[in-house]
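As you go down the protein sequences, you meet chains A and B in turn.
Anchor point for the first sequence: position 105 equals 105 in this note's numbering, and the numbering is continuous, going up by one each time.
Anchor point for the second sequence: position 187 equals 187 in this note's numbering, and the numbering is continuous, going up by one each time.
Hint data in this document are derived by calculation from the structure and do not stem from the laboratory.
Idealized CB from N, CA, C, for every residue including glycine.
Just to be clear, a hint being listed does not mean it is correct.
Claimed, not checked - Footprint (simulated), chain A over chain B, 3 or more residues, beta carbon under 8 Å:
{"no.": "1", "region": "308 to 314"}
{"no.": "2", "region": "339 to 345"}
{"no.": "3", "region": "576 to 590"}
As the list claims (entries may be wrong) - Distance windows between CB atoms, simulated:
{"no.": "4", "chain 1": "B", "residue 1": "Ser763", "chain 2": "A", "residue 2": "Leu44", "range": "31 to 41 Å"}
{"no.": "5", "chain 1": "B", "residue 1": "Thr690", "chain 2": "A", "residue 2": "Leu44", "range": "15 to 25 Å"}
{"no.": "6", "chain 1": "A", "residue 1": "Leu44", "chain 2": "B", "residue 2": "Gly707", "range": "36 to 46 Å"}
{"no.": "7", "chain 1": "A", "residue 1": "Val103", "chain 2": "B", "residue 2": "Pro15", "range": "52 to 62 Å"}
{"no.": "8", "chain 1": "B", "residue 1": "Ala9", "chain 2": "A", "residue 2": "Leu73", "range": "34 to 44 Å"}
{"no.": "9", "chain 1": "A", "residue 1": "Leu63", "chain 2": "B", "residue 2": "Pro527", "range": "50 to 60 Å"}
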Amino acid sequence: MERTAFTATFTGMMSAFLIWAVHFAAIYGINGLICAREWDGADLYGHPVAVVLILGATAVALLLAAGVLAAALWGAAPGRRTSEDPRRFIRLFTGLAAAGSLVAILWNGLPALQVPACG
Amino acid sequence: MTPPLDDAALPNRLPRPKEELEALKRAWKPTSGLGLLKEVNNNIIGVMYIATALLFFVISGTLALVMRTQLAVPENDVLGHSLYNQFFTVHGTGMMFLFAVPIVEAIGVFLLPSMLAARDLPFPRLSAFAFWAYLFGGLAFFCSLIFEVAPDGGWFMYPPLTSMKFSPGINADFWLLGIGFIEISAIAGAIEIIVGILRTRPPGMTLDKIPVYCWSMLVMAGMIVFAFPAVIIATALLEIERAFDWPFFIAERGGDPLLWQHLFWFFGHPEVYIIFLPAAGLVSMMVPALAQRPLVGHDWVVVALVGTGFFSFGLWVHHMFATGIPPLSLSFFSAASMAVSVPAGIQVFAWIATLGKGRLQWTVATWFLLGFLFIFVAGGLTGVMVAVIPFDWQAHDSYFVVAHLHYVLIGGMVFPVFAGLYHWWPTMKGTMLSERLGRWAFWMMFIGFNVAFFPMHVSGLMGMPRRVYTYPGDLGWNVLNMVSTVGAFVMAFGVLLVLIDMARDAFGRGRPAPENPWKAGTLEWIPNDDYATRSIPHVRSLYPLWDNPNLSREVQEGAHYLPGAPTRRRETIVTSPIEARPQYLMPMPGPHWSHFLAGLFTAAHFICLAVQLYWVSLVPGVLAIASVFWWVWSLDKGADHPPQDVGGGWRVPVYLQGSENHSWWGTAVLLLVDGTAFACLCFTYVFLWTVSPDVWPVGTDSLPGLGWLFGEVALWIVAAGAMLLASRAVAGNRSWAMRGLLLAGVLLMLAAAVAEPYNRIASGLVASESAYGAIVYMLASWQVFHVVILVLMTGFTLARSFAGRLHARRRVTFDNVMLVWLYTCGQGIVSLLLVHLFPRLAV
Numbered sequence: 001m002e003r004t005a006f007t008a009t010f011t012g013m014m015s016a017f018l019i020w021a022v023h024f025a026a027i028y029g030i031n032g033l034i035c036a037r038e039w040d041g042a043d044l045y046g047h048p049v050a051v052v053l054i055l056g057a058t059a060v061a062l063l064l065a066a067g068v069l070a071a072a073l074w075g076a077a078p079g080r081r082t083s084e085d086p087r088r089f090i091r092l093f094t095g096l097a098a099a100g101s102l103v104a105i106l107w108n109g110l111p112a113l114q115v116p117a118c119g
Numbered sequence: 001m002t003p004p005l006d007d008a009a010l011p012n013r014l015p016r017p018k019e020e021l022e023a024l025k026r027a028w029k030p031t032s033g034l035g036l037l038k039e040v041n042n043n044i045i046g047v048m049y050i051a052t053a054l055l056f057f058v059i060s061g062t063l064a065l066v067m068r069t070q071l072a073v074p075e076n077d078v079l080g081h082s083l084y085n086q087f088f089t090v091h092g093t094g095m096m097f098l099f100a101v102p103i104v105e106a107i108g109v110f111l112l113p114s115m116l117a118a119r120d121l122p123f124p125r126l127s128a129f130a131f132w133a134y135l136f137g138g139l140a141f142f143c144s145l146i147f148e149v150a151p152d153g154g155w156f157m158y159p160p161l162t163s164m165k166f167s168p169g170i171n172a173d174f175w176l177l178g179i180g181f182i183e184i185s186a187i188a189g190a191i192e193i194i195v196g197i198l199r200t201r202p203p204g205m206t207l208d209k210i211p212v213y214c215w216s217m218l219v220m221a222g223m224i225v226f227a228f229p230a231v232i233i234a235t236a237l238l239e240i241e242r243a244f245d246w247p248f249f250i251a252e253r254g255g256d257p258l259l260w261q262h263l264f265w266f267f268g269h270p271e272v273y274i275i276f277l278p279a280a281g282l283v284s285m286m287v288p289a290l291a292q293r294p295l296v297g298h299d300w301v302v303v304a305l306v307g308t309g310f311f312s313f314g315l316w317v318h319h320m321f322a323t324g325i326p327p328l329s330l331s332f333f334s335a336a337s338m339a340v341s342v343p344a345g346i347q348v349f350a351w352i353a354t355l356g357k358g359r360l361q362w363t364v365a366t367w368f369l370l371g372f373l374f375i376f377v378a379g380g381l382t383g384v385m386v387a388v389i390p391f392d393w394q395a396h397d398s399y400f401v402v403a404h405l406h407y408v409l410i411g412g413m414v415f416p417v418f419a420g421l422y423h424w425w426p427t428m429k430g431t432m433l434s435e436r437l438g439r440w441a442f443w444m445m446f447i448g449f450n451v452a453f454f455p456m457h458v459s460g461l462m463g464m465p466r467r468v469y470t471y472p473g474d475l476g477w478n479v480l481n482m483v484s485t486v487g488a489f490v491m492a493f494g495v496l497l498v499l500i501d502m503a504r505d506a507f508g509r510g511r512p513a514p515e516n517p518w519k520a521g522t523l524e525w526i527p528n529d530d531y532a533t534r535s536i537p538h539v540r541s542l543y544p545l546w547d548n549p550n551l552s553r554e555v556q557e558g559a560h561y562l563p564g565a566p567t568r569r570r571e572t573i574v575t576s577p578i579e580a581r582p583q584y585l586m587p588m589p590g591p592h593w594s595h596f597l598a599g600l601f602t603a604a605h606f607i608c609l610a611v612q613l614y615w616v617s618l619v620p621g622v623l624a625i626a627s628v629f630w631w632v633w634s635l636d637k638g639a640d641h642p643p644q645d646v647g648g649g650w651r652v653p654v655y656l657q658g659s660e661n662h663s664w665w666g667t668a669v670l671l672l673v674d675g676t677a678f679a680c681l682c683f684t685y686v687f688l689w690t691v692s693p694d695v696w697p698v699g700t701d702s703l704p705g706l707g708w709l710f711g712e713v714a715l716w717i718v719a720a721g722a723m724l725l726a727s728r729a730v731a732g733n734r735s736w737a738m739r740g741l742l743l744a745g746v747l748l749m750l751a752a753a754v755a756e757p758y759n760r761i762a763s764g765l766v767a768s769e770s771a772y773g774a775i776v777y778m779l780a781s782w783q784v785f786h787v788v789i790l791v792l793m794t795g796f797t798l799a800r801s802f803a804g805r806l807h808a809r810r811r812v813t814f815d816n817v818m819l820v821w822l823y824t825c826g827q828g829i830v831s832l833l834l835v836h837l838f839p840r841l842a843v
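Just chain A, same shape as in the assembly:
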């Protein structure tokens, strides 16, 4: 019981950071692959394929991180089954991590609007 609670709680606390990590790996991987295989000339919906995919991944990641933040603010964050002290801390941690990750995801994704994918 305690182990399950720990795994779920700890993963929940880290979820926003994990979303950032997956987003980061995804946009780097997408761009690296497109440039290495010289697919940067391709268009998607009239825009360069790298830009569309990276902005799409960024939008998804932002939504997910915002969901984690909302959960922390409205009490659905991990740690519901713990006693009051760790619960308060777990919520605060999850919320702050989500807020920080939102900024970092946005920060990482925005260069796609300004910088050419492959130079």
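Let chain A serve as the given structure and place chain B on it in line with the hints.
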């Protein structure tokens, strides 16, 4: 006269029986003389670990002084270019791998148990093994300089410079094998730290009451788990390329030197934070004690620590801005480099706010902390500069970068560690270092450091490149280099004063320390002995000693948990990871020769490999394995005592199996390391395909048929099923069924592991021909390696079964083997799917 304590609300009634303390002392009595080699107690291993790390710091620093002497004037000839290359390689490697990481782990081994009021960390023999492996390996590494066979490719060992073609001889092998194996010791320490912090906290120390230092160590250990496998895989690939000519990094055959940089810096950048975060944790403990008020924004600082740990993994390419990576990719890393400065900044502001709000005690530690703040902030600012891509292109590989990295590393880590040495020295043996000598040492180090390294910013901007052993006299660098050299010697003199101060104390000249000399609020300041604190306190806040002025006395009188040694052996309480509720009483292994011999033979094995005595290396290799079996044979004792009363109404068992057991947690963390290493190999496969699709098969003619894939996957699935059935047999005490299933399962795994290389050889694939062949055989070899380990583990499990040490109520060994077994089967399937399906699906 001290009034008696009101024990109504205390976990144990007072006074305690006299024989209780005697039993505790007997159980934890340290060995002496040669017996020290057998010792596992963190109080002893931690001190030896710290001393060894400082020794390696001095050796690496001395190399720096010789290099600075060489560079003091133009066209100097103290060192030739070949020896200079070896010096800067061993200096950098020694500082990063043999000082910085080990000392933060060593401080953790020493400090964490007392900060958590645990009697010891959960795997004391593992800590001791890690120490001995590190000591022997480190000494051998430095000795390579004496014979002029030291590595000379820089601490980052970039191929192709370090490939066999450009680095024949054994110099590079010393780095690849020596350092690769010492990293195993760092991982062992990380496992110990993670499980220790999560499972050996005192009752009441819920997640929100964990001291910041413990959080920082948890983050650091987690980062080691996910970062170090990358460098271990990188070193393995390069060593295999050198030994067997498998071209992972040779561009002509489909390899790519940039693969090394990706793997190395995926480790190398987080490494900076692996070093810095524990130091930041120390600072976050010292600042409140010195300012006599709680850390401002404690919860924010904890989130900042974890955030820094995560974000730092997104920075590795910022060491590769000049390698031709696409501009948008560079922007991601530039943005992440800026993002990571935010959580680092939160910590700096929290320290400044705490210092500003409190009444500061002006100790030596305070001076080192202020020095740290000044230097680290300056290093952070130049870090933001080099995170800006156009600036980095200008400053790349110049002395500006040398200055930046020394400001960050020495400022961010060495100064806090020296502050910590002065601050926590009284917890070691109750004496204090000299405040007067300490202040002299600080000022010499602080002034010397800035005089040495600030001019390097300027010489770098004037164009002086890194790693040059000399320079002509007409480039305007002469004065700057002379000033740097003078500064380096002044700083070294400061370090020498600290060493003299420590030596004075060791020879009995230290002042006796009062109890809790800085009036700190955390548990490590409760008087300690070989058995740690007399009883394990119940924790109700972040600064328990401030909130309950009687706590130290209560603990010393035995009024809290586990005031004795109820089973007459070394033991500590294992608590639940979130709410820190007592779960069971963990018996702890005592002094033994096995971990010492395992460390010695492991080091000998790798040194033999490095000097190309391949057959001879088998002897220490086998002896090391035998030593490990000897070590673990006496563990997993089962419930050999009835449940024990530890106080506060808690009556806990002395054994718990399944996923609650601490060793299960250790195995799970080890598998995270293993999984990361495997992920690095999968990345290698995809990366090499990305850069060299021309060496990958076109069509399916040269690929083994899909029948091979299905057959091998089926073998792994059946092997996993055999293990699950064996587990049920253990639960039903059907020993012969379990033994039969294990044997059948291991044979199936052997068949599956051998089938893959067999069919590749049959289909004509040659590892040395192309990067494709090399990585396919590498993945197959990785799987064979795991099966060989499982053959040994299965043999051990069967031996325990035959000896009557494994049954339904005593199955922790079995459960741990099962974890590794199931992981290996899963890894085998993923590996097969990758190498068989990817070439069929890839465009």
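query: Which hints from the list above does the structure break, by number from lowest to highest?
result: none
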